[in-house]
Amino acid sequence: MAYSKKVVEKFENTLNNPEAFKVGKFNPKDTNIGTGMVGAPACGDVMKLQIKCEPQGNTHIIKDVKFKTYGCGSAIASSSELVDMLIGKTLEEAKAIKNIELVEALELPPIKIHCSVLAEDSIKQAIEDYEAKQ
Amino acid sequence: MSTQSTIYLDYASTTPVDPRVATKMMEFLTPDGEFGNPASRSHKFGWKADEAVEQSRSHVANLVNCDPREIVWTSGATEADNLAIKGVARFYKSRGNHIITSKIEHKAVLDPCRQLEREGFEVTYLDPDDKGVISPNQVKSAIKDSTVLVSIMHINNELGTINDIERIGEITRDNGIFFHVDAAQSTGKIQIDLQKMPVDLMSFSAHKTYGPKGVGALYVRRKPRVRLEALIHGGGHERGMRSGTLATHQIVGMGEAFRIAKEEMNEDHGKVIKFHQKFLEKVNEIDHVYINGDLNNKVPNILNVSFNFVEGESLIMGLKDIAVSSGSACTSASLEPSYVLRALGRKDELAHSSIRFSFGRFTSDDDVNNTLDILGNVVHRLRELSPLWEMHLDGIDLDTVEWTTH
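Keeping their order, the protein sequence lines are chains E and W.
One point on numbering: in our numbering, the residue at position 73 of the first sequence is 73, and numbering is uninterrupted.
Count along the second sequence from 1, then add 1000; that gives the number in our numbering.
Honestly, the hints are just simulated from the structure, not real lab data.
Nothing false has been slipped in among the hints.
From chain E, some residues computed to sit far from chain W (all C-beta separations above 10 Å):
hint, residue
1, S4
2, K29
3, T59
4, D64
5, I87
6, E92
7, E101
8, D129
9, E131
10, A132
Distance condition first, Cα-Cα at most 27 Å in a straight line; then the derived BS3-like pairs of lysine-lysine:
hint, chain 1, residue 1, chain 2, residue 2
11, E, K5, W, K1320
12, W, K1223, W, K1086
13, E, K52, E, K22
14, W, K1320, E, K66
15, W, K1196, W, K1131
16, E, K22, W, K1320
17, W, K1086, W, K1103
18, W, K1131, W, K1274
19, W, K1107, W, K1144
20, E, K6, W, K1320
21, E, K25, E, K98
22, E, K133, E, K98
Just so you know, these numbers come straight off a predicted model, no measurement behind them.
C-beta atoms are modelled at their ideal positions from N, C-alpha and C, and glycine is treated no differently.
Between the sequences and the hints, there should be enough to build the whole structure, so can you do that?
Right, here's the structure in full:
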């Protein structure tokens, strides 16, 4: 199966320039950090997504994001694509992100849709973790 | 899109046709060549084609030390496996309905066995040991009164490990059971002597040994005689075992490839053993690397490695100008990791992290050096991206983590 050009580009850019593409970690204990980790090694993909937020008005804004992903090229590209969407969004806007947006942005084939589902789960979990700390 | 800038290290999947083989094949296609139907008995076109087919049959027989009359042409090893397994099981079904095979066979053996199960046969799938070897004793203890056929591969295509075919054959012979061996990965890699090996049926493929795709052969022993129910009917070619006009150019290609394989086996072996050694040294310099298979009992043209904390398909993507295979789920249509590695008892994550490198006649020192130059770097960068590597460095035992499986 050939990968879409978009997946290949996203994967390669992330691999070659990890810092610019927000690969890394925040201290999960900080109260302004929300961490989500989904997937399992036995299934071949694990995504860890961390958001750094700030209160603004009656909501919170995502100021920065870090991630690490173990998985196939599409899983890594999906995480990286999601990260691009998150910065500057309110938590409500971030919660509304649907996996189909990643599928379309990366032209994922049906067999790789689970990568985008996992990415959507990772942001949901990260937001839950953050909200539980507030 | 040209693939010429890509390094090919996937010889166990298929080999390029040796240019000497391709030249020979070209002589049997065009109006100025020997294009005749080998079954035409009434003119020179047929006689010439038939002569070429028989010459090729001898080349194949020579490589494995059998009588040319014991070679049946097929469309490949898959058809040979199907013909052997279904053919024997169905012909001898009045004798018994039990078949023994292993969990690490190629799908070309497993799927015909599954089909026979649907037809009422009973199949025992033996577990390999943790190195990927099927023990002869296991075969022995699985034998029942109703056992008619044992099918065990010679060399495993993912691991390169070698089964003790002679010993297993002695056991099947003592028990009056037919023994089929899938030897698709063996020809030109390891000596096969069918005068000494108590094997009744053996499958061969041309395209794993520098011949063309689309042709293979089944060895069917004459003494003691083995009989088969044919799968394909229509003219009674190949003594009724496989009908259909013989593909002269394909057969000539296989014959020439096997002739060269016999002549150059030592040379080919010397070359890949050097690459294998070099690969092993360099790969062992990387932390948390596991060699799959048995280093003391395998062919050197295949090397299967798990790079822990890195997923195989992403590693393949990272090694973008290098063609290799992965045991990772993601490269296949199913989402299961390699059933072969799982059968060895490897944890699923190690199966997901595995890469098969395989070398061959046209692999160069540069191919190997260039691959090794970037391999360590790509593994390192993917680990920097891996939450599992991070957890490992933080001293977390991944086995104690509760994962949200999906």
